[in-house]
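Novice: Chain by chain, the residues:
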Amino acid sequence: MVNSITFLPKRMQIRFVKPSIITLLFACLFTVSFAEPSIKTSATGMPVSEETIKAGETLFKAKCSACHALDRRVTGPALKGVTERREVDWLIKWINNNADLRQSGDADAVAIFNEYNGVSMNLFPDLTEEQIKSILMYTENGPLGEVKTEGGPAPAPVDEGLLNKTNWLLLLLSLIVFIVVVIIVKTLDLVGKLTGREVIPWNNVNATLMLFFLIIGMSAGLYELSIHGKYTLLSNASSEHGASIDRMMKITFIFTGIVFFVTQIALFYFAFRYRQKKGVKALYYPENDKLELLWTIIPAIVLTVLVLGGLNAWRGINKAPEAGTAQIEVFAHQFAWKVRYPGADGKLGNANYNLISETSNPLGVAIDFKAEEILKELETDLVKFQQAIDNLPRDLGRLKGTLGGLVGKEKAAHIKQIAFIESGDAEAELRLQIRRRHTQIKRIKTALEAKAIFTKDALDDIVGEEIHIVVNKPITFKFRSRDVIHSALMKEFRAQMNVVPGIPTQFTFKPIKTTAQRRAELNDPNFDYHIICNKICGASHFNMKIKIVVEDQDSYDKWMRDQKPTFLVQEEAPAPAETESTGGSDEITEITPTIVTK
Amino acid sequence: MSNDHGHHHKQSFISKYVFSMDHKMISKQFLITGIVMGVIGVAMSILFRLQLAWPDTSFPILNWLFGDKWAPDGRLDSGFYMGLVTIHGTIMVFYVLTAGLSGTFSNLLIPLQVGARDMASPFMNMLSYWFFFLSSVVLMSSMFVETGPASGGWTVYPPLSALAKAMPGSGTGMTLWLIAIILFIVSALLGGINYIATVLNMRTKGMSMNRLPLTIWAFLLTAILGLLSFPVLLGGGLLLMFDRLAGTSFYLSDIYLSGIGALEQSGGSPILYQHLFWFLGHPEVYIIIMPALGITSEVIAVNSRKPIFGYTAMIISLIGISVLSFLVWGHHMFITGMSPLLGTLFLIMTLIIAVPSAVKTFNYLATLWRGSIRFTNGMMFAIGLVSLFITGGLTGIFLGNAALDISLHDTYFVVAHFHLVMGSSAIFGMMAGIYHWYPRMFGRMMNKTLGYVHFWLTFLAAYMVFFPMHFQGLAGVPRRYYTFDILPEFAPWLDVNVFITLAAILGGIAQLVFLYNFFSSIFFGEKSVQNPWGANTLEWTAPVEHIHGNWPGEIPTVYRWPYDYSRPDSDSDFIPQNVPDEGAVEEVHYAPQTPSAPEHEDVPERVMFLGLLKNWFGFKNA
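Just so you know, the sequences run in chain order A and B.
Residue numbering for the first sequence follows numbering that gives the first Met the number 0, beginning at 0 and increasing consecutively.
Residue numbering for the second sequence follows numbering that gives the first Met the number 0, beginning at 0 and increasing consecutively.
One or more hints might be untrue.
Only pairs whose alpha carbons sit at most 25 Å apart, straight line, appear in this in silico DSS-like list of lysine-lysine [said to hold, decoys possible]:
1. 346/A / 450/A
2. 79/A / 92/A
3. 383/A / 164/B
4. 410/A / 447/B
Since the hints were derived computationally from the structure, they do not count as laboratory data.
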């Protein structure tokens, strides 16, 4: 799982930290250049330790790296040294729930919101204070591995001035080349005009170049095939149906390859062979019905073969999954994936977007006591929004009051905010929010009365951030999107399906190679299967993935035993990791409305 | 223009160069606007390719161009990167290859090749250009709004494009994008109606449909495709506009947006938009490529000194492509969760469309066979088109096959496919047309040696840029990614991206040669003779100097089809269409300087734009 500290009770975390201090001391004493955090004191107030930084790094990679990097702006700002720019307490509030902070009228929060064009950061209410501090400590120190290699050959620093000069030189050089070309061409033309004949027999030159182009182009293409061919996904699919796609791909390659070579060679050869020559007149040959019929029928036959093959593969892939096929839900939102397992009952509970709460029910799973909670949250929101509306004049006064002392970006943000309030847009937006909340409350209440979607199936569902599936067992991925269209590309499985808000989609396949097998095949111990997003979904689209672990039944079962139903709290919790928690919903009768959020 | 003078009417600068209703001037306006947009679009692609090749390098030029907001420290912002990709696509597809290509050559060639004085409605023609111009301005203005240009890809799929808070580019930039496209559609419809009316009604005596040059057939069918498909996008775009601005939910349902909460909208379908979009979007591909194929047919025939092989088959193929192009849009949507049965139908239709395309290719090859090939600049680009069309077309057979599309959808394989088959091909067709008809447009020749340099560099660059992308796509590298750090498997492609970017820069430099050649030849090019290529079509019988009404005297009568090249029964290797069967080949020359007045009714009397407006709104001229 993403981090080890998360699941441990607090007292264990403290125990965790203590030995780490000792380790650190040892490290300081004996191996000064080894794994030494670059700073000794942290703004977070926590003792600096390797473990904390490592934990922070893991968390950072899981939660933040979709939108942030340490040393450069991605979708969000660069986070290196963020604790120098902002108070740690403020950062914790911001990371937990930046929307709340903004609505409370915090000027900095509003300014950031404006700077990033009104696109808000995801909320991370599930992160504890310690976790956030560990992330912050990571941003203070940077990855530890880099410190380790400090003694080794460091990457040469890029000399910006030199780069700049090189750019201008390149520009100058291309300009000179261009001028030289123009001058040569003009001279040739002039000489040609004066002597009355062409200096260069262009027609022959170009005809020959056509032939050269063909030969060089074909060789270059084959050369590239020899280098990059090994990366292409044309064989060794990791899913059962993948073989049919690979086969079809190869058949298509053979047919199109033949056509490619024949037509390209004919084209360039004809261009060379039939260049204009003195005294040779072109053949008047306007049509030949038989020939035309021939090259209509042959492509038609070839394409029929391909159509039939394609249809066969397509039907095989799309055939309805057998009854009893395992199902998991893959949930997409900007910019992360989540997975939901049906739990012991084997049934995924219902879910609805109206029941989503970023703070307590990120997937909107239909559980009645959660729904009640969300209703409460929404009611609080309503009050907050109303307060925000009432406070607008006060905010305006405060913004105007502090405007004088500001400069630069901050001032611009303030001015924008003032305009936003004065134009009435701020109020309109809040009223729209209130209306939305009312609609949502009404919908939830109706659903609660109807009861239809609140089944017991959901109670033992497990929400996770890593997909585990069993090798050689068909599995149906049921896709659901929270916001925009995403696409789940699983290239190794030759599988892909769009994830569309409002329209359930699914893809059934049978993995035939475990992660370990595929690693051995590729001779790459770090290889992992992934789903990556393949339909543009926003500015961090390029950074949205989830790991898939394919394993045999035993290790899957072992892994599954460690997972706990997300929405249930058993009496004996907090349970140590070894305790078996089968999580069968029928056995658990003591459903306490307390929630454990991971 | 008024007839009282009986002689050449002196036009004001505005009515001659700006609000002109002369199809030849409008075609130049379309071409030059298209070239300007093309330069912007290509430049954008080079700039965002810098990011792909050197993701961690700082380029001061980016910061200089886009400022601290969009390129802090000389590195593109990831959202703005998508904005550049989106606007690049929009510009190249609509503004360069639809308006720039169709607009230029339909306008120039339809009246001249069918033997008409002007378009059926010169006024509508002028409006068509000015809507296009306005649309270009609106689109470019979206680059300067605070939240940046539309960034959801040129297909602007909702909900991403419908929700202003989903990404910065979905703010004002997206609204401007929609306005620009709506204006563009108005322009395309005004133009299209005109082209169809002109071809059907205003052909000169003897110009039966089976004597039309293939260019005209291509333009006619293109215009019909546009007329039938653009309104669907107009509808789709308007509904998206309503979703954005009026709170409707045509495309929205079940959405919870981070920082906003659950939205009220329900019951809409994002997939509906995709159907509407691709109902235009796929014919659009043929709207782009068919004029290029038409131009190629003409240029190849003229410069092989041979009749185009299988004239009738070529027309039937064009018609086949046109009809089928309306039945294949679903192949863009195989993996949207659309019913597999529907996928089956679209698979079949899509692969069928390869047959007429194959016929066209083979016919080009047969035309070259035993020809007497002159490597004019236009001819070389036409040959280049055939090569690129083959390469790009063949990969379409992979993508049209639904099962293979599961793996290839939205990977670089798709990028390679369409950039070759409709991007580069159509650009090559456009270049072939520009080099071939430049003498007809500007009365001067372009420098052919520079043209050779331009061709070889461009041809080389086109393959160097797009060929390696096939391999990337086959390895599952997704398109529209800002960096490829996401999976370690993508690491080997960084070198390839560097190679591609360098090739793209080479291609960009090659276009500078073209730009220099194009603009300097307008003023300093060698004066053209009347029929520099020895072509048969009617446009070469009109005087070099442009005049209203195209021909000073009567419009020539047509006696034959346009492809009588190298007839064995004739000494000359070409027989223009206006030569009677028994008549000797006789070239008609007009002194270029002779000012002449058209004597006919087709050209409207008033060309003053304001005057017309006044008339329209009931204000009589004092």
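Novice: For the pair supplied as a hint, residue 346/A and residue 450/A, confirm whether the alpha-carbon distance does not exceed 25 Å.
Specialist: holds, 18 Å
Novice: Sort out whether residue 447/B lies within 25 Å of residue 410/A, counting only the CA atoms.
Specialist: violated, 58 Å
Novice: Does residue 164/B lie within 25 Å of residue 383/A when you go C-alpha to C-alpha?
Specialist: Given pair residue 383/A, residue 164/B holds - Cα atoms ~21 Å apart, limit 25 Å.
Novice: Given the hinted pair residue 79/A and residue 92/A, is their Cα-Cα distance within 25 Å?
Specialist: holds, 19 Å
The structure fails hint 4 only (numbered hints given earlier).
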